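Engineer: The residues making up each chain are set out below.
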Amino acid sequence: MNSKTLMYILKRILLAILTVWVVITVTFFVTRIIPGGPFLSEKAVSPAVTAALEAKYGMDKPVFDQYITYLKDILHLDFGPSLTQRGRDVSDVITDGLAVSAKLGVIAAASAAVVGIVLGSIAALRRNKIIDKIIMVITTAFVSMPSFIMGSLLLTLFAVKLAILPANGTTTSGLILPVVTLALYPAAYITRLTRSSMLDVLGQDYIRTARAKGVAGYRIIFGHALKNSLIPVLTYLGPMLAYIVTGSLVVEKIFAVPGIGRDFVNSITNRDYPLVMGTTIVLATLIVVMNLITDILYKVVDPRINLE
Amino acid sequence: MDKKKFPSLHIKMDDFIPATEAEKEYMVQMRPSSTFFQDGVKRLLKNKVATVCFFIIVIIALMSIFLPMFWPYAYDAQLGIQPGKPVDPSYNNLAPFEYGATEQKLIEAGESVFPHIFGTDSAGRDYFIRVIYGARVSLAVGFFASIIVLVIGMAVGSIAGYCGGKVDLIIMRIVDIIYSLPDMLMIILLATVLKEALSPVLEGTVLEKLGTNMISLFIVFGLLYWVSMARLIRGQILSLREQEYVLAARATGARGKWVITKHLIPNCISVIIISTALQIPSAIFTESYLSFLGLGVNAPMPSLGSLASDALNGINSYPYRLVFPAIVISLIVLSLNLFGDGLRDAFDPKLNN
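Same order as they appear, the protein sequences are chains X and D. Under numbering that gives the first Met the number 0, read the first sequence as residues 0 to 307, first letter to last. Under numbering that gives the first Met the number 0, read the second sequence as residues 0 to 352, first letter to last.
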């Protein structure tokens with residue numbers, strides 16, 4: 000790693016920190032726009048309670064002071080109490096939900112990667128054959144289908160019509176449908192990505208050299224072609240996580256998975272602003288960090304990549 | 000004239016003899032030379048997939064614009080509710096090609112009643128026209144959101160690219176930050192809050208009819224989605240502004256605004272059109288996603304996303320209510336994507352890698 004790479008990584012980390020700060024600041028000021036402040040909820044709260052809450056959170060202080068306190072609280076992972084789930088802190092709700100959602104997301108991401116890379120390689124190696132065409136048609140269809148439509152259709156087919164899988168995502172077997180729903184789009188995307196980069200690599204001179212030397216076909220594929228064609232797939236890691244996070248919002252709503260996504264969606268409809276803010280900040284930080292790791296990994300794995 | 004010296008100033012008179020008929024024939028232009036646009040259209044028409052997709056989009060768009068005008072049912076009319084009569088529940092939840100109680104009587108009396116092709120929803124509204132109207136809303140949102148993105152992105156991108164230096168640096172840092180924001184989360188947050196904040200502001204104005212959700216959707220698009228367009232256009236302008244014709248324009252005294260609008264933008268117009276075309280499906284995607292979460296268009300106005308979301312409640316009994324909007328939205332997004340790809344291949348071979 001030379002100094003240029005280090006400079007790039009440093010710059011990239013700075014940008015990530017700045018981004019997280021912007022997210023936090025936006026969430027803070029956005030809550031000030033809501034008429035009545037963040038403590039306004041559907042159920043009428045008595046003026047005494049509102050005043051007590053305002054005093055507790057220093058709402059009577061100048062905005063700048065409030066902002067500083069808010070930043071400090073967030074650094075201590077304190078997002079305040081939830082307005083709808085009485086007696087629970089937002090951070091507790093998030094921790095509980097994140098455990099479930101992380102399981103869902105990791106399984107979905109892993110299966111999407113495996114399926115995508117295998118199918119993409121098959122399509123590239125059998126280019127323009129019937130199997131390649133079938134794979135491309137199916138992936139094109141999946142890429143154009145919103146996750147909530149896909150989820151609803153799977154739910155109708157497997158849980159309602161055939162009744163072979165549970166519609167409720169609380170049990171282990173109930174996680175199958177949500178995982179499939181979440182994984183279909185990334186799997187289709189990775190398939191297309193792997194196919195095109197594999198085709199690119201197969202046209203390179205070093206593959207021809209290997210072939211001319213008499214290297215066996217499977218060793219060319221596994222030793223030379225596959226490794227090099229996975230580099231573009233690596234860049235998709237960050238966007239894939241972002242997709243899975245936003246996708247899990249609707250998927251958890253459809254299948255009633257008790258994850259962070261369902262909490263987030265419910266908090267929107269229940270106007271539980273502290274929960275909305277807390278979840279936004281946590282998920283946004285997750286995505287930003289993942290994008291950061293992806294960018295750095297990309298640079299480390301392939302030093303040929305020119306950074307501007 | 001016989002003796003030819005090399006640097007002769009004499010004019011060879013033979014060169015000025017009128018051309019013979021045969022020679023004239025040789026010079027005749029067989030057909031007018033085709034313009035850049037004609038070339039592109041020709042390439043586009045050769046691409047069968049893109050052409051079919053274009054016709055699908057046109058058909059859906061025309062249907063969504065004109066069908067509601069002369070369809071016998073309105074998208075928000077609850078057919079079971081007639082003024083001065085008790086609510087007739089027989090109109091609710093009709094299956095496709097079924098009729099309500101009063102309609103059934105009319106049919107028995109020998110009159111023809113326009114069928115409910117997709118049945119009706121739980122409030123007794125004709126579902127077919129709701130799907131068609133939902134397609135109209137989704138297409139309109141996609142189109143206008145892309146226009147907003149285009150205008151803002153083009154203005155900022157061309158200024159950054161043309162001015163360069165500090166202006167470029169500052170603008171591009173802002174773009175970098177917005178670009179790395181997780182867009183969907185920010186959209187949900189802003190849409191949630193704007194929905195609350197805007198309703199008192201908009202009360203009584205023309206915009207109220209459009210609905211606060213729709214307005215906040217456009218605001219969010221305007222705030223967040225212009226960055227990739229701005230990046231793209233800046234990159235184009237950066238390479239174009241080093242061209243000789245820009246230098247020539249500057250030398251003759253052209254100002255920045257003139258150079259940008261008359262020279263730079265027209266020269267990257269194909270890139271702009273292509274990325275705008277590809278922006279539309281992603282905007283439709285976002286709108287349907289937000290509608291599904293309950294942050295999209297206001298009821299009773301339907302969009303394809305909110306129709307799908309409503310259909311989830313009755314999925315056990317009426318699965319077709321989910322299937323219709325699902326098919327339409329997938330068809331729209333798929334055709335727009337494939338058509339956009341075709342446009343890119345036809346009009347900008349450079350972009351196609």
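Hints are not guaranteed to be accurate.
Claimed, not checked - Partial pick of chain X residues on the chain D-facing surface, computed with a CB cut under 10 angstroms:
#1 22
#2 45
#3 49
#4 161
#5 268
#6 292
#7 298
#8 302
Claimed, not checked - Derived EDC-like pairs (lysine to aspartate or glutamate); straight-line CA-CA distance at most 20 angstroms:
#9 X:10 x D:340
#10 X:132 x D:167
#11 D:41 x D:13
#12 X:298 x D:167
If you're looking for bench data, these hints aren't it; they were derived computationally from the structure. As the structure is a prediction and not an experimental result, all values here were calculated from the model. For glycine and all other residues, C-beta sits at the position ideal for the given N, C-alpha and C.
Engineer: What hints, given by number in increasing order, does this structure fail?
Structural biologist: 2, 3, 4, 6, 7, 8, 9, 10, 11 and 12
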